Amino acid sequence: MDSFIIPAPLLRGGVLVFGIFVLGSAFFKKSQPNFLPKVVFGFAAIVMAFGMMRSAKFTERANAASRDIIGKEVIFEAEVVKEPDRRLDFAQYVAENKSLGRVLIKTGLYPEYFFGDILKIKGKIAKPKNSPDFDYTSYLAKDDIYLISQFPEISFVRFGGANFMAGLLKFKKSFTSKINSILPEPQASFLSALLVGAKKTLPEELTAALKRTGTSHIVAISGYNISIIAVVLMNFFGYIFFPRRFIFWIIGIIIILFTLIAGAEASVVRAAIMGGLLVFAKREGRLYGVTNAIVLAAATMLYFNPRLLRYDAGFELSFLAALGLIYLAPYFKKWFKKVPNFWSIRDSLTATVSAQIATFPVIFLVFGNFSSVAILANVLILPTIPIAMLFGFLGGLGGFISLKMGAVLILPAHFILSYQIWMVKTLALLPFASTL
Amino acid sequence: MNKKHKLLIVLLAATAAVWFLVFTKSPAPTLKVNFLDVGQGDAILIQTPKNQTMLIDGGPSNKVLEKLGKYLPPLSKRIDIILLTHPHADHVTGFIEILKRYEIGAVILGGADLKTDVYAEFLNTVRKKDIPIIIAEAGEAIHFGSPAEGPEFDILSPEQSENLVFNEKSEGFGSAGNDVNDTSIVGKLIFNNFSIMLTGDATFKIENQLLAYGENLKSDILKVGHHGSKYSSFLSFLKMVSPEAAVIEVGAKNRYGHPSEATLSRLKMVNANIFRTDLNGDIEIISNGFTTNIYKEK
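Read top to bottom, the protein sequences are chains F and P.
Numbering-wise (the working numbering), the first sequence opens with residue 971 and increments by one.
Numbering-wise (the working numbering), the second sequence opens with residue 51 and increments by one.
Since the hints were derived computationally from the structure, they do not count as laboratory data.
Among the hints, a few may not be true.
Stated by the list, open to error - Derived, one-sided and incomplete: chain P residues facing chain F with beta-carbon distance under 8 angstroms:
| # | residue |
| --- | --- |
| 1 | P110 |
| 2 | K113 |
| 3 | L115 |
| 4 | K165 |
| 5 | V168 |
| 6 | I181 |
| 7 | D229 |
The structure displayed is predicted, hence computed values, not measured ones.
Don't be surprised by glycine CBs; every beta carbon is placed ideally from N, CA and C.
Please construct the entire structure, taking both the sequences and the accompanying hints into account.
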């Protein structure tokens, strides 16, 4: 059975014709009282038809993924087209071959391959398998991956040539390696996760604790991190009397670079588009219509990758959280009026409650998990994140000059990270922390 | 904020700093040996009374990094000696990232060469970092203090260090009796009246040779050879060592079936208390040279 359902061509055509018909009838008798609803409805039907066609085109590609080679041993050359995913005890590479498409390769940690490397791969090709609690096929499909190969023979052919992305990832790697040389684990991985979204090397025990306490979003780059970066930069450039109009361009460029560095996951892209619009709106001196920004962000992302809508829980969670912060937060702000805003505790409380309520249904459905200490954990941890990020970033940069200097600069971050990790682990120990 | 408040905050910070130092500094001069639970593989961290550090083997993955973060002093990014008993992946893999992240004083190797990707990467990293390499040979010793106060690490095996090159692309056992496991560095860590026998993955063949040391094999604690495999820990050797406690570094549900029932029953025959990293988590041994405590994580 195919896991990707294609709407029948007849249905697609039918919806399109229906839309045109409704629209046409509206214009045919303009004087009708329901002219406007008809136009809107007809237009929506046409757009839906286009959406179905586009989605069908993408899914066809998925189902066509050379099924005749599944289970057979194949030799092929492929280029590493995504940032290598290095875990604690194995590595995964997304390798692209012209005729096979993208293949996810699971292999040992060493030898190490890099973005842009061209590899010769000899091994069995298989389809990803779903487990009872995780839809692995869909998870990979959102990145256009339909084939996997486990522990094949790999040999290095050549480096595909330097390009912009390879350079960016090289910088990211040397930055995180500075942090790794200065901080012990798990603080180092935790900080890298906060700054550049590299969360795959966190110890299992800590990842589970983050989940139990409803704080996983902290180690996923989100709008929160991006807004911190934007605000810090704006203040910094403002402080050194940089001309205002340049500041916005620079921050815009930095946000784009940051998005690429962080791996361009759905939540990062959403935050970047919305953050960019916010910066742009300020520059133009216009009001920032948040609803419009959200719709634009969603539409843009789906234009480039329609699979996100169905296969990426992160996409749904990210937008739900944003909607919660926008529409629910004002109410809770009134509720929590009496809470002192010492160390922005009230803001954290409002934001956490709004985001938690908005995302709860999807989290519960997808992960079957509800954390009862989420609000407490977030209020205790969120206010300390910006300082950890700031000193962590300075320490990492200082590490390029000398590791000793980096170690001194990073000291405040070191203490705060230790506090955060301790807090997460302690709260996770509570027997009622999470219900499954 | 008035002056009183400021003073209070300064005092509070100072108190916190002092307590932090109190908690992170071990009061009495003790030897700490941590058998780290890194899954199916070995990693043993030794911290001497003078805060020197030695890590014996790096384990099969980067899980060891978190363990180092847990047991080394919080601001320390140095390990004085890393010692690789033999070049199999379940002993060397974790070392590569350690070499990249920590300042390492010296690397001690057994002299056997194995042609695997992981070991090649390890050697490359050592060379790139320009860390001195010492080849261990029976009869040598590492002194962590003056000979009178110790501790010291006596190397009992390998006997020779003629160049043993294993042309195995795989991790499998070498052909023609050249078992990579038998090139393991075997050593005895001695601190006053206290001693630990560390055997790497050495099999009965080496154990038989070691019997020549006679009474000198006697140790309080034995790191059981080769994750408790049935080809190690023969009765004659165990009787000579006659350990109070035996530690097995082994991963839960490993595909080799370690530790074997045969080995476990032989250990029981010599009345050794058995500690296993798959069941007990990290196993920490703290000794002042006369009294010794064993703490387990689980």
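Checked hints:
1. P110: With Cβ-Cβ at 7 angstroms, under 8 angstroms, it holds.
2. K113: Interface hint status for K113(P): holds (5 angstroms vs cutoff 8 angstroms).
3. L115: Holds, about 4 angstroms.
4. K165: Because about 13 angstroms separates K165(P) from the closest Cβ in chain F, which is outside the 8 angstroms limit, the hint is violated.
5. V168: 5 angstroms, holds
6. I181: 15 angstroms, violated
7. D229: This hint is violated: D229(P) lies away from chain F, its Cβ roughly 23 angstroms from the closest one there, beyond 8 angstroms.
Consistency note: the structure conflicts with the earlier hints numbered 4, 6 and 7.
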